[in-house]
Amino acid sequence: MTTAPLVFTGRGGEYFRIWVVNLLLTVITAGLYSAWTKVRKAKYFAQNTRLDGHVFGYHGNPKAILRGRIIALVLLGAYTWGFQFSRVAGLVTLMVLCAAGPWLFMRSQQFKLGNTSFRGLRFGFDARVGEAYRIMLPILVLWFAPAVVTALTADEGWQLGLVGLLTTLAIPWMHHRLKAYQHGRAVYGDRSFAFLGARRKFYGVYLKGAGLVVLAVLLGTTVAFVIAWFRGPASQFPGTGFEAAIYGGIIVLPVYVFAWPFLAARLQQAVWTSTRLGDVRFRTEIKARALFKIVFKSVMLTLLTCGLYWPFAAVALARYRIECVRVDSELPLTAIAADLHGRPVAALGEGAADTFGLDLGL
Amino acid sequence: MRANEFRAWFFSGRDGEAAAVVMRVDGERVVVEATDGTVRESEPLTTVMMSEPFDHAPRLITLRSGGTLEVEEEGGRLARALARAGVAVSPIVQLRRWWPAVLVALAGLIALVSLAYLKGLPLAAHWVADRLPAGIEGRLGDQMLVALDRHYLGPSQFDAEWRERLARRFADAATKAAPGVPYRLEFRATSEESINAFALPGGVVIVLDGLVRFAGDEAAVLGVLGHELGHVAYRHSTRQVLQSVGVGMLAGMLWGDFSGTAASVPLVLGVLKYSRGFEREADDFAIAFLRANEISIEPFYDVLVRLVEREGQRGIATLPDFISTHPSLAERIEHVFKALDE
Numbered sequence: 001m002t003t004a005p006l007v008f009t010g011r012g013g014e015y016f017r018i019w020v021v022n023l024l025l026t027v028i029t030a031g032l033y034s035a036w037t038k039v040r041k042a043k044y045f046a047q048n049t050r051l052d053g054h055v056f057g058y059h060g061n062p063k064a065i066l067r068g069r070i071i072a073l074v075l076l077g078a079y080t081w082g083f084q085f086s087r088v089a090g091l092v093t094l095m096v097l098c099a100a101g102p103w104l105f106m107r108s109q110q111f112k113l114g115n116t117s118f119r120g121l122r123f124g125f126d127a128r129v130g131e132a133y134r135i136m137l138p139i140l141v142l143w144f145a146p147a148v149v150t151a152l153t154a155d156e157g158w159q160l161g162l163v164g165l166l167t168t169l170a171i172p173w174m175h176h177r178l179k180a181y182q183h184g185r186a187v188y189g190d191r192s193f194a195f196l197g198a199r200r201k202f203y204g205v206y207l208k209g210a211g212l213v214v215l216a217v218l219l220g221t222t223v224a225f226v227i228a229w230f231r232g233p234a235s236q237f238p239g240t241g242f243e244a245a246i247y248g249g250i251i252v253l254p255v256y257v258f259a260w261p262f263l264a265a266r267l268q269q270a271v272w273t274s275t276r277l278g279d280v281r282f283r284t285e286i287k288a289r290a291l292f293k294i295v296f297k298s299v300m301l302t303l304l305t306c307g308l309y310w311p312f313a314a315v316a317l318a319r320y321r322i323e324c325v326r327v328d329s330e331l332p333l334t335a336i337a338a339d340l341h342g343r344p345v346a347a348l349g350e351g352a353a354d355t356f357g358l359d360l361g362l
Numbered sequence: 363m364r365a366n367e368f369r370a371w372f373f374s375g376r377d378g379e380a381a382a383v384v385m386r387v388d389g390e391r392v393v394v395e396a397t398d399g400t401v402r403e404s405e406p407l408t409t410v411m412m413s414e415p416f417d418h419a420p421r422l423i424t425l426r427s428g429g430t431l432e433v434e435e436e437g438g439r440l441a442r443a444l445a446r447a448g449v450a451v452s453p454i455v456q457l458r459r460w461w462p463a464v465l466v467a468l469a470g471l472i473a474l475v476s477l478a479y480l481k482g483l484p485l486a487a488h489w490v491a492d493r494l495p496a497g498i499e500g501r502l503g504d505q506m507l508v509a510l511d512r513h514y515l516g517p518s519q520f521d522a523e524w525r526e527r528l529a530r531r532f533a534d535a536a537t538k539a540a541p542g543v544p545y546r547l548e549f550r551a552t553s554e555e556s557i558n559a560f561a562l563p564g565g566v567v568i569v570l571d572g573l574v575r576f577a578g579d580e581a582a583v584l585g586v587l588g589h590e591l592g593h594v595a596y597r598h599s600t601r602q603v604l605q606s607v608g609v610g611m612l613a614g615m616l617w618g619d620f621s622g623t624a625a626s627v628p629l630v631l632g633v634l635k636y637s638r639g640f641e642r643e644a645d646d647f648a649i650a651f652l653r654a655n656e657i658s659i660e661p662f663y664d665v666l667v668r669l670v671e672r673e674g675q676r677g678i679a680t681l682p683d684f685i686s687t688h689p690s691l692a693e694r695i696e697h698v699f700k701a702l703d704e
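Those sequence lines, one after another, are chains A and B.
FYI, the working numbering numbers position 62 of the first sequence as 62, with every residue one higher than the one before it.
Position in the second sequence counted from 1, then plus 362, gives you the working numbering.
The hints are simulated quantities; they were obtained by calculation from the structure and are not laboratory data.
Note that the structure is a prediction, hence the values are computed from the model and not measured.
Treat the hints with caution; some may be incorrect.
Distance windows between CB atoms, simulated [said to hold, decoys possible]:
{"hint": "1", "chain 1": "A", "residue 1": "307", "chain 2": "B", "residue 2": "451", "range": "25 to 31 Å"}
{"hint": "2", "chain 1": "B", "residue 1": "367", "chain 2": "A", "residue 2": "305", "range": "26 to 32 Å"}
{"hint": "3", "chain 1": "B", "residue 1": "436", "chain 2": "A", "residue 2": "307", "range": "45 to 51 Å"}
{"hint": "4", "chain 1": "B", "residue 1": "638", "chain 2": "A", "residue 2": "32", "range": "29 to 35 Å"}
{"hint": "5", "chain 1": "B", "residue 1": "482", "chain 2": "A", "residue 2": "305", "range": "20 to 26 Å"}
{"hint": "6", "chain 1": "A", "residue 1": "210", "chain 2": "B", "residue 2": "437", "range": "37 to 43 Å"}
{"hint": "7", "chain 1": "A", "residue 1": "129", "chain 2": "B", "residue 2": "404", "range": "40 to 46 Å"}
{"hint": "8", "chain 1": "B", "residue 1": "437", "chain 2": "A", "residue 2": "131", "range": "47 to 53 Å"}
{"hint": "9", "chain 1": "A", "residue 1": "13", "chain 2": "B", "residue 2": "445", "range": "32 to 38 Å"}
{"hint": "10", "chain 1": "B", "residue 1": "451", "chain 2": "A", "residue 2": "214", "range": "50 to 56 Å"}
{"hint": "11", "chain 1": "A", "residue 1": "210", "chain 2": "B", "residue 2": "522", "range": "46 to 52 Å"}
{"hint": "12", "chain 1": "A", "residue 1": "326", "chain 2": "B", "residue 2": "461", "range": "33 to 39 Å"}
{"hint": "13", "chain 1": "A", "residue 1": "305", "chain 2": "B", "residue 2": "578", "range": "47 to 53 Å"}
{"hint": "14", "chain 1": "B", "residue 1": "513", "chain 2": "A", "residue 2": "12", "range": "40 to 46 Å"}
Ideal Cβ placement from N, Cα and C applies to all residues, glycine included.
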């Protein structure tokens, strides 16, 4: 039995320089250059991640990413403003999202994995259209159900409460279904990954996570109330928008700082221990408490430096998450890799995947 | 190892085996030699694909054969050898590798973002607002009113006859002073007697009972309504909504991966606070509105002054929209005061 850790060699100072230049070019080009910055960033994080002495590579085509971002922006705009425009426009947007969503998601996975390499071999995603719809359509329908009910009923009555509760209870199920699909259909060289399933663990983690979210909201609300109380009686409606945003931030921040590290750490544990590549097993030694310390420090320093700490925070977070991963195998990785073969690029339709690249943060 | 030779890993792309090789930058070619000295690959530097240099990561060099070389930077030795062979370094890489240039870029970035925030966004929002179909603005305002009615506002306690009389007087005055500005007057109240009036996109003007009682004088109420009609005429609230969307997108560009940013911009937040310029424009509009109808400006001025006195007692936390921009309040009063003299 051999164990190999992932090692991350990125540095905050170096990434800060990349970040500043990337941002300057993005702002000058009104966002168009963001596709190129995305590629540089992905290359930086991939090439600074080592396993068994070798690094990962990223090969995404910026033009494909730009096309993907334009598609995503149009869909996002339609989704955000559709119901402002009219009920019909909103419902049509949701139908378009349901019809195109599974295919777009499948393509985005193909693009992301197909453009990642290790030891000269590409990862990949075994994409089958029928399966993508079978997996994703129930998730999308459940996800949009509250919006549809809001649009169809005049007031926020019991129907919305019921559907909202159903969707909320289904979040662990949806998340698990998505992860099982992502990991179960991933490919490296000519070998397929397998996902064993961890639905019960997902429910356990989310149940505890929900408790933390409630505690965090209570904490945030208490702080907001104390501040409001010190500032005098809040008899005037509506106050200013700026103030409302501050109070909103005070309530949302504890959720991000306390509940997110717990959910992220425990879910990563569940996902990685269920993933196999032949005889190769994965696990992560990520701890919620350590992740919480990093997130807390990052949030505080980012606020204090008006956002300049952001790239340092991104590197610190990536370092911890990457370096917690362990790869276990009976044979040394070198022996396993020598036995792996590349596959012709056309085999999984990855040529087509290069027409556009969507980066979904899932 | 000679100055142009580097220990490297070679991956054929056919399998995952890592072969220890020596990479030589030989004139204008890359030559890959196995440990026994046999040449495995030889290719012109112009056709290989070379990843950009990072401080602690190896370079990935992709050959036309499909093979990949993984070569350590060796503290800049590789970069120097490539430079000697005439491989150009992109200006962007040169920029981001040199701290002073990065600091200049940072200063430029801050300047550009400030410019975009202070000048670019208002201009863009104005441009879009003027081209937005009236139907969209109307629906936007109606939906906000529905949301406000559901959560904050109740029906006005004044009797219908009185409301109708004031509405008619305002309508006559509006026709005289600003014909062709489409608006809809709505009377509402809040349980806490809020002193407020505001305009929503599409021309919905809402006046709260608290403001009418506080103003006392009908001429003062008309002045406040004239001020809100100014917001309607200049599409201030639509512009404000668009600007807040723009701020969200700008922030997303800087700190997020700009998906989901537009979705997270709460709509109602945007309208409730106007810039100093917007308030001044609306005040000027109100003065012109009152003058055109031969109504004295004094009661309007008086309301502004009394609101400032209130502000002094209550702290600035709870100011209504009508006088929401604290720093310019004194300036605004002075501005209206000048109009009194003319």
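How the hints compare with the structure:
Judged by the Cβ atoms, the range 25 to 31 Å given for residue 307 of chain A and residue 451 of chain B holds: they are separated by roughly 29 Å. Restraint check, residue 367 of chain B to residue 305 of chain A: a C-beta distance of roughly 44 Å breaks the suggested window 26 to 32 Å. Judged by the Cβ atoms, the range 45 to 51 Å given for residue 436 of chain B and residue 307 of chain A is violated: they are separated by roughly 35 Å. Between residue 638 of chain B and residue 32 of chain A the beta carbons are some 33 Å apart, a value that agrees with the proposed interval 29 to 35 Å.
A beta carbon spacing of about 24 Å between residue 482 of chain B and residue 305 of chain A agrees with the range 20 to 26 Å that was offered as a hint. Between residue 210 of chain A and residue 437 of chain B the beta carbon distance is about 51 Å. The supplied range of 37 to 43 Å is therefore violated. Taken as a hint, the range 40 to 46 Å holds for the pair residue 129 of chain A and residue 404 of chain B, whose Cβ atoms sit roughly 43 Å apart. A hinted range of 47 to 53 Å holds for the C-beta pair residue 437 of chain B and residue 131 of chain A, which are about 49 Å apart.
Here the CB-CB span from residue 13 of chain A to residue 445 of chain B is close to 23 Å, at odds with the stated 32 to 38 Å. At about 54 Å, the CB distance of residue 451 of chain B to residue 214 of chain A agrees with the hint of 50 to 56 Å. One distance hint, 46 to 52 Å for the beta-carbon pair residue 210 of chain A and residue 522 of chain B, holds here, with the actual separation near 49 Å. The hinted window of 33 to 39 Å between residue 326 of chain A and residue 461 of chain B holds, with their beta carbons roughly 36 Å apart.
As the Cβ distance of residue 305 of chain A to residue 578 of chain B is approximately 50 Å, the hint placing it in 47 to 53 Å holds. Taken as a hint, the range 40 to 46 Å holds for the pair residue 513 of chain B and residue 12 of chain A, whose Cβ atoms sit roughly 44 Å apart.
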